[in-house]
Each structure stands twice: as structure tokens, then as C-alpha cells.
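Mind docking chain V on chain E? Use the hints.
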Amino acid sequence: GESVGLHLPTLSVQEGDNSIINCAYSNSASDYFIWYKQESGKGPQFIIDIRSNMDKRQGQRVTVLLNKTVKHLSLQIAATQPGDSAVYFCAENVDAGGTSYGKLTFGQGTILTVHP
Amino acid sequence: DTAVSQTPKYLVTQMGNDKSIKCEQNLGHDTMYWYKQDSKKFLKIMFSYNNKELIINETVPNRFSPKSPDKAHLNLHINSLELGDSAVYFCASSQDVTGPEQYFGPGTRLTVT
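Residue numbers (the working numbering), protein chains in the order written: chain E, 1 to 116; chain V, 1001 to 1113.
Bear in mind the hints are in silico, worked out from the structure with no lab data behind them.
Mixed in with the good hints there might be a few duds.
Stated by the list, open to error - Short derived list, chain V residues pointing at chain E, Cβ under 8 Å:
| # | residue |
| --- | --- |
| 1 | Ile1045 |
| 2 | Ile1056 |
| 3 | Pro1106 |
Bear in mind the structure is a predicted one, so any value in this text is a computation, not a measurement.
Just so it is clear, CB atoms sit at the ideal spot from N, CA and C, and this is done for glycine as well.
So that you can see chain E by itself, here it is in the shape it has in the complex:
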């Protein structure tokens, strides 16, 4: 399958379970974080974002948690469905006094597989 040889972190869950995907970021100056979902053969798709002045944000079936102390970000997906199977990326944006120009740095990605 697509994951062969990729050596990305993987998470396998059963349909209906909750999923938690983790991400460690590197730059304490990052002011904005985004989770993207990339399905096979497609471009990354925006899921949810969070600013650095928040520690939690909820969307439809998804919640993002931000722990700035340990520079950790997580994406929780409730009642995971087979259609959620994809590679999930966290991305950070650094506001260097307005000169970052929306430059996103992406994490390595996590493969989520949902079994019916």
C-alpha cells in the first residue's frame, strides 16, 4: 500500500473510536498552527487551526489542543470514520515581526488508518 517504505508514524483505529494524532513543533515563536489532511493522490486539505493565544479549539468532530509549555499539538477526531483515513500534517507559522509572510513549516505527517 501507500505506506510501505514511508516510515511515518501510523495510527490504526476501529471505526467509531476516537483518534488522537500528536505533533511536536520546534519554534517557540510560532503563532499559528494548522492541521491538514491529505488523502491518497490529493493535495493537503485544511481541517482546523489554532492561534498561540489559545489552548483548545473545537470544530466538527475535531478538537485541536495546544500545549506551548512542551511545544506539543494534538488533533482529536471523534467517532472516526473510514473516510478519515489519510495522512495528517501539522503545520506551524512563525510571526517574525510580520516578516514570516505566511510561511508554513510542515511536520512529518501521521498515517491514520480506520478499519470498518
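Showing chain V alone in chain E's frame:
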């Protein structure tokens, strides 16, 4: 009604050739980007343009030359293709130069043989 489109979707070519990938966005965004995704799924920014002006150039070899004829289009031309250029190239756009929320195209899978 595709938001960000790229052509071609697949591109197979030989080393040494020159090729172009085209990107168009109909979102009315000011800023466009090119990313490269390698075989390990690592996604890295290459360039960004804001209103036809280059604002990010991430030390990409000068064989890669982006061109923005207008703010809705950002094309990528690659000269003297090398095996290591094989990857999936994604175009993206955002509302403005500070907008971190970026919308991605479907990607162009480039294979250099």
C-alpha cells in the same frame, strides 16, 4: 468550480529536459505558493508570490524558475531536470501574504527517468 488547479497531473520526462507546471486559483487570493513533497511525504515550501512579486525563495536551485503572469496564476518552470527532482509538486494560495491558511491544488507528480 475548482479552487486551485494544476496541470498536468502527471509528468514523466527524461533527465536534462525542461518542463513547466501550471497553476491557477479562482479564489481571488493575493498570494500563491509552490511546495515540493518527496517520497517520504515531507512537504517543503519552495516559493511564494504576492501579487506577482516573489517574496519567498527557499534556496531552491536556480534551475527552478517560478513565473506569475498575474495574481491568479503561478507557473513553475524547471530546466535540466535531474533524477532528484522527481516528487509531487503542489501549488497553494492564501488570501494575503500573512494568511497562514493555504488552499492546495491536487498536485503534479513529476517523474524523471
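Hints versus structure:
1. A distance limit of 8 Å between C-beta atoms decides the matter here; for V/Ile1045 the minimum to chain E is near 6 Å, and the interface restraint holds.
2. Taking 8 Å as the C-beta contact cut-off toward chain E, the hint placing V/Ile1056 at the interface holds, the least distance being around 6 Å.
3. Taken as an interface hint, V/Pro1106 checks out: its beta carbon lies about 5 Å from the nearest beta carbon of chain E, inside 8 Å.
The earlier numbered hints are all upheld by this structure, with none contradicted.
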